[in-house]
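K.L.:
Based on the sequences and whatever the hints tell you, model everything.
So the sequence lines, in the order shown, correspond to chains A and B.
When the letters of the first sequence are read in order and numbered with the numbering used here, they come out as residues 1 to 384.
When the letters of the second sequence are read in order and numbered with the numbering used here, they come out as residues 1 to 389.
No wet-lab data here; the hints were simulated from the structure.
Take these hints with a grain of salt, some might be off.
Claimed, not checked - With beta-carbon atoms standing in for the labels, derived distance ranges: (1) S137/A <-> I359/B: 24 to 34 angstroms; (2) A114/B <-> Q148/A: 20 to 30 angstroms; (3) K173/B <-> E161/A: 17 to 27 angstroms; (4) T19/B <-> S137/A: 47 to 57 angstroms; (5) N70/A <-> C365/B: 41 to 51 angstroms; (6) K49/A <-> T119/B: 22 to 32 angstroms; (7) A114/B <-> G115/A: 19 to 29 angstroms; (8) K328/A <-> K140/B: 23 to 33 angstroms; (9) V255/B <-> K380/A: 38 to 48 angstroms; (10) I361/A <-> A362/B: 54 to 64 angstroms.
To be verified - With a straight-line cut-off of 27 angstroms between C-alpha atoms, the simulated BS3-like cross-links for lysine-lysine are: (11) K294/A <-> K221/B; (12) K91/B <-> K173/A; (13) K116/A <-> K140/B; (14) K173/A <-> K116/B; (15) K140/B <-> K133/A; (16) K171/A <-> K116/B; (17) K110/A <-> K158/B; (18) K116/A <-> K173/B; (19) K173/A <-> K140/B; (20) K97/B <-> K133/A; (21) K321/B <-> K78/A; (22) K173/B <-> K171/A; (23) K49/A <-> K140/B; (24) K116/B <-> K160/A; (25) K6/B <-> K380/B; (26) K173/B <-> K160/A; (27) K218/A <-> K221/B; (28) K97/B <-> K328/A; (29) K133/A <-> K321/B; (30) K78/A <-> K173/B; (31) K173/A <-> K173/B; (32) K173/B <-> K133/A.
What you are looking at is a predicted structure, and each value in this text was computed from that prediction instead of being measured.
Built from N, CA and C at the ideal position, the CB exists for glycine as well.
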Amino acid sequence: MKWLFNILDVWRHELVRVLKDEGVLVFFFVVPLLYPLLYAYLYNNETVKEVPAVVVDNCKTTMSREFLRNVDASADIKIVAHCADMQEAEELIREHTAYCLIYVPAEFQKNILEGKQSVVELYSDMSGLLYYKAVLSSCTEVSLSMNQDIKAQRLVGATKEQAETFAYPIKYKYVPMFNTQSGFATFLIPAVLIMIIQQTLVLGIGMLMGDEEERRRKGLVLEHIQDKKPLTILIGKSGVYITLYLFVSVYLVCIVPRLFGLIQIWQWQELIAMMFPYILACVFFSIIISTFAKDRESFIVLFVFMSIPMLFMTGISWPGSSIPAVWKALSYAFPSTLGVNAFARITEMGALMEDVRPEIIGLWIQTVVFFVIAWILYRKEYKK
Amino acid sequence: MQKLRKIFAVAKREQGRLTSRPLYLFSMILAPLFSYIFFTTLMADGLPNDLPIGVVDEDNTSVTRQIIRNLDAFQQSKIVEQYSSFAEARKAMQQGKIYAVYYIPQGTTQLALASKQPTISFYTSATFLIPASLEYRDMKMMSEYASGAITRSTLYAKGYTESQAMAMLQPVKMEMHAINNPSLNYSIYLSNSLLPAILSLLILQVTIFSIYSELKEETSKEWLAMTDNDVYAAIFGKLIPQFVVWLLMGFVYLVLLYGYFHFPLHSGLLPMIILMVTLVVVSQAFAVFLCGAVPSLRWALSLATLWGVLSIPISGFSFPKMAFPPALQGISYLFPMRYYFLVYVDQALNGRPFGYTWIYYALLCAFMLLPIVVMRRLKKFLLEYHYQI
Numbered sequence: 001m002k003w004l005f006n007i008l009d010v011w012r013h014e015l016v017r018v019l020k021d022e023g024v025l026v027f028f029f030v031v032p033l034l035y036p037l038l039y040a041y042l043y044n045n046e047t048v049k050e051v052p053a054v055v056v057d058n059c060k061t062t063m064s065r066e067f068l069r070n071v072d073a074s075a076d077i078k079i080v081a082h083c084a085d086m087q088e089a090e091e092l093i094r095e096h097t098a099y100c101l102i103y104v105p106a107e108f109q110k111n112i113l114e115g116k117q118s119v120v121e122l123y124s125d126m127s128g129l130l131y132y133k134a135v136l137s138s139c140t141e142v143s144l145s146m147n148q149d150i151k152a153q154r155l156v157g158a159t160k161e162q163a164e165t166f167a168y169p170i171k172y173k174y175v176p177m178f179n180t181q182s183g184f185a186t187f188l189i190p191a192v193l194i195m196i197i198q199q200t201l202v203l204g205i206g207m208l209m210g211d212e213e214e215r216r217r218k219g220l221v222l223e224h225i226q227d228k229k230p231l232t233i234l235i236g237k238s239g240v241y242i243t244l245y246l247f248v249s250v251y252l253v254c255i256v257p258r259l260f261g262l263i264q265i266w267q268w269q270e271l272i273a274m275m276f277p278y279i280l281a282c283v284f285f286s287i288i289i290s291t292f293a294k295d296r297e298s299f300i301v302l303f304v305f306m307s308i309p310m311l312f313m314t315g316i317s318w319p320g321s322s323i324p325a326v327w328k329a330l331s332y333a334f335p336s337t338l339g340v341n342a343f344a345r346i347t348e349m350g351a352l353m354e355d356v357r358p359e360i361i362g363l364w365i366q367t368v369v370f371f372v373i374a375w376i377l378y379r380k381e382y383k384k
Numbered sequence: 001m002q003k004l005r006k007i008f009a010v011a012k013r014e015q016g017r018l019t020s021r022p023l024y025l026f027s028m029i030l031a032p033l034f035s036y037i038f039f040t041t042l043m044a045d046g047l048p049n050d051l052p053i054g055v056v057d058e059d060n061t062s063v064t065r066q067i068i069r070n071l072d073a074f075q076q077s078k079i080v081e082q083y084s085s086f087a088e089a090r091k092a093m094q095q096g097k098i099y100a101v102y103y104i105p106q107g108t109t110q111l112a113l114a115s116k117q118p119t120i121s122f123y124t125s126a127t128f129l130i131p132a133s134l135e136y137r138d139m140k141m142m143s144e145y146a147s148g149a150i151t152r153s154t155l156y157a158k159g160y161t162e163s164q165a166m167a168m169l170q171p172v173k174m175e176m177h178a179i180n181n182p183s184l185n186y187s188i189y190l191s192n193s194l195l196p197a198i199l200s201l202l203i204l205q206v207t208i209f210s211i212y213s214e215l216k217e218e219t220s221k222e223w224l225a226m227t228d229n230d231v232y233a234a235i236f237g238k239l240i241p242q243f244v245v246w247l248l249m250g251f252v253y254l255v256l257l258y259g260y261f262h263f264p265l266h267s268g269l270l271p272m273i274i275l276m277v278t279l280v281v282v283s284q285a286f287a288v289f290l291c292g293a294v295p296s297l298r299w300a301l302s303l304a305t306l307w308g309v310l311s312i313p314i315s316g317f318s319f320p321k322m323a324f325p326p327a328l329q330g331i332s333y334l335f336p337m338r339y340y341f342l343v344y345v346d347q348a349l350n351g352r353p354f355g356y357t358w359i360y361y362a363l364l365c366a367f368m369l370l371p372i373v374v375m376r377r378l379k380k381f382l383l384e385y386h387y388q389i
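P.N.:
As structure tokens, then:
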């Protein structure tokens, strides 16, 4: 029974050490508490609406005005100015008054009436991809419904339905699933939440280990780890981090998405089956990294920038199927890759246990491997 | 002259400090290089190709098989598997094997030939936003073609010419021009903003770390004594060697993006060199300001990190500023990266005259002057602080 008391002793002292350390508390509690709120609030509008657009209408007829009125009425585009010529319109784009330009040529209506094809030219400032999407999709929608009416008129004697069948012998229907409005928060926040668990654990545990190093250099040794076996220390310490992060994770995974009305269609079995090994893998991963810490702060400088490449390695943004093999292989060295993929599919796509089995098995393999490596490193670290 | 010699002496001392710790080698050279290589190789194709799509073809006729072959031929899409039911395909989506499903119900060909207008449908999962929107584009275009092909052959049979047939099919057509990034290259769009943001984050962190490590090692008095307690000279001397390294990394970035990858550079290289120098100086100055404003290594470093990481979304290159909640739109003015991004867009991407950009430069210069406010505080702190664990 002595070994159990030893573990509990390490656990108790390590917990006190965490709770007394301002810097560690920032990473374990303040960052996970506030950072996701900031992020989710920033992306809360999900998509960009009413992108300002300028218009050059050289046609100035009933048809061109109808087209532009319908574009203006769409949710994505707001026409902020009608310009006399392209020079004037371009100037408004240069001044960032508008981000899109819609050019209706003089022969717009004439062509339609003569049975020729009419072309409307759209221009988009490429400082943001969403401007492009907004102007293209709203103008295309308007033109499609306009086309239906025109076709009905052209097929003399045909009903609208007949004209429609003629133009579209095969109809099509688009059904967006899960993230139905292609929202930014819905797409990015789950990944950010899972990344935060890993990154704050690395920074917090790195700071604790750096603190030990600094003390050791000054001849101060933490009493509660003296005369303890490395395995006892490893289990005792990791026990603290795991306990704390069970609470942190409930907040991140259950409460934050609810606060911002993000999609949550998970079942608790899947969520627990995935989050538990994820926290374990993150803790032992962090312990491995922490053994390289020489002082309290250096990890902040060494590790934070990696959050961005790591986020891209998960495949949540740039698709996993297009990630080069080298980076793909590297990505499995971090728990975040499996964690983000499993969590996004569980929470937003309602994936069941059998759907995320490879990820969950992977997380358990990581847990075991990281644990063994951490143990080996602790044996070196804490040998007498 | 005397002063210059003192600054030079501090710079020489700093050079020794920078080379004595692997941390500086890692965070000033390896970390930026890794990020450059990572992002440019990750998105080397510009757009992701061969994104996996699943197909459910309940009809299975020569017509529907042709549709599927054509969809597969699109550059961005690749049919990876045919499923026997939609439920199976949805399962594959939930397993992360495919991002989209193209569904052709039974009887499609027969109904189409009988002019009964069958409906095919396609599904995407925008949990993975980028592949979903690219596959949506391909599947929509394919569906238009599928319909158009049948109508066109009817029209040709009736004696229509090609242009008449097109006018009949699509009386009003949209022609899209993506100004200065016609292929929608994601790397142009992301690397140009993410990489300077990472560089700026590292500058903020390393600057603060290097100043406060003097406190921690209790060498700050010795450092200031070298310039007879002239805090400006001490800071200048310390930051000059770092400036040289950062600038070098900045130039590697410029050469890589505009020289090697030939990303749009409509302003010529000079404005981007000026912008890079400005970014380095502003980041250093802002870090010194934080050191003085928050005299605690831990808090200054944490704040700098928060600033640096938040710079990425707040710059507004992926999710535009106009879509932020109003409160955060205001906060975006406090992030130098936001101005870097705006200048880059005006200069390199769009080649607009300097007149449109000067205001951002003015604001960046204001950031450079921020340390003046806290210099005296910083001096006092450097001279009187005792580090305790």
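K.L.:
Which of the numbered hints above does this structure break?
P.N.:
Every hint satisfied by this model.
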